[in-house]
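Participant: In case you want the letters, here they are:
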Amino acid sequence: AAGVIQSPRHLIKEKRETATLKCYPIPRHDTVYWYQQGPGQDPQFLISFYEKMQSDKGSIPDRFSAQQFSDYHSELNMSSLELGDSALYFCASSLGLTGNQPQHFGDGTRLSIL
Amino acid sequence: QKEVEQNSGPLSVPEGAIASLNCTYSDRGSQSFFWYRQYSGKSPELIMFIYSNGDKEDGRFTAQLNKASQYVSLLIRDSQPSDSATYLCAVNGANNLFFGTGTRLTVIP
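These protein sequences, in sequence, are chains Z and A.
Each step along the first sequence adds one to the number in this note's numbering, with nothing skipped, and position 11 is 11.
Each step along the second sequence adds one to the number in this note's numbering, with nothing skipped, and position 47 is 47.
The following block holds chain Z by itself, in its conformation from the complex (with noise of 0.2 Å):
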């Protein structure tokens, strides 16, 4: 079965660099959601969308912006990087808006910052 697909699956970058990580949700899955796991810690909540509008909001730093597209595919944002961003960025997707639905992730990103 198809599952999310996140790219790239690493990067490296520099500090007050710009990054784009791309998240594929499961076919016919039209909610997305971003994560950042730092190392041994849970994953923290980013930003969600439903059916391309933002559905919620967490502990998204104001450098980060995200977006869906017409073909639910979503793209995270990072700008002005800092040596803390870095860290495992994952995507997961639903279908539906509820949190009922259990979500299901990518590989995910691992961003280094140097």
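What the hints contain is simulated information worked out from the structure, not anything from laboratory work.
Heads up, the beta-carbon is just placed ideally off N, CA and C, and yes, glycines get one too.
Keep in mind that a hint or two might mislead.
[Unchecked claim] Now the stretches of chain A that chain Z is said to cover, found in silico as 3 or more residues with beta-carbon under 8 Å:
#	region
1	24 to 34
2	38 to 45
3	93 to 103
[What the hints assert, rightly or not] As a list, the in silico DSBU-like pairs of lysine-lysine whose alpha-carbon atoms are at most 35 Å apart:
#	chain 1	residue 1	chain 2	residue 2
4	Z	K22	Z	K52
5	A	K42	Z	K57
6	A	K67	A	K42
7	A	K42	Z	K52
Given the structure of chain Z, go ahead and fit chain A onto it with the hints provided.
Facilitator: Frame of chain Z; chain A shown alone:
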């Protein structure tokens, strides 16, 4: 206070034993509860979800929910070394999931 609490472990059990993982949550209005397994450096993998009080079994896994006590658990029967991972408990928010910090399980051959 964190929304979802788990013992961080590590929890060690011998191969073939039952591993018991526990989780409590603070929002009494929570309706959906999920267990994810995460290997180091990999993505969380959904293994169980439960909505109603009681037990739900799937193969070697049993999820137990007690909403009155705000408690959810995961039992793994006949534990295998391949079950060694971090197990994340997650509880639904309005439009997202709140995760616990995870319990690291080691199954000793």
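Participant: Sort out whether K57(Z) lies within 35 Å of K42(A), counting only the CA atoms.
Facilitator: Given that 35 Å is the threshold and the Cα spacing comes to 24 Å, the pair holds.
Participant: For K42(A) and K52(Z), compute the direct alpha-carbon distance and say whether it is at most 35 Å.
Facilitator: 27 Å, holds
Participant: Would you check chain Z against the region 93 to 103 of chain A, counting CB to CB pairs closer than 8 Å, and say if three or more residues qualify?
Facilitator: holds (count 10)
Participant: Hint check: K22(Z) vs K52(Z), CA-CA at most 35 Å. Holds or violated?
Facilitator: 15 Å, holds
Participant: Taking a Cβ-Cβ distance under 8 Å as contact, does the region 38 to 45 of chain A have three or more residues in contact with chain Z?
Facilitator: holds (count 5)
Participant: Are three or more residues of the region 24 to 34 of chain A within 8 Å, CB to CB, of chain Z?
Facilitator: holds (count 3)
Participant: Keeping to a limit of 35 Å between CA atoms, is the pair of K67(A) and K42(A) held or broken?
Facilitator: 31 Å, holds
No hint from the list above goes unmet by this structure.
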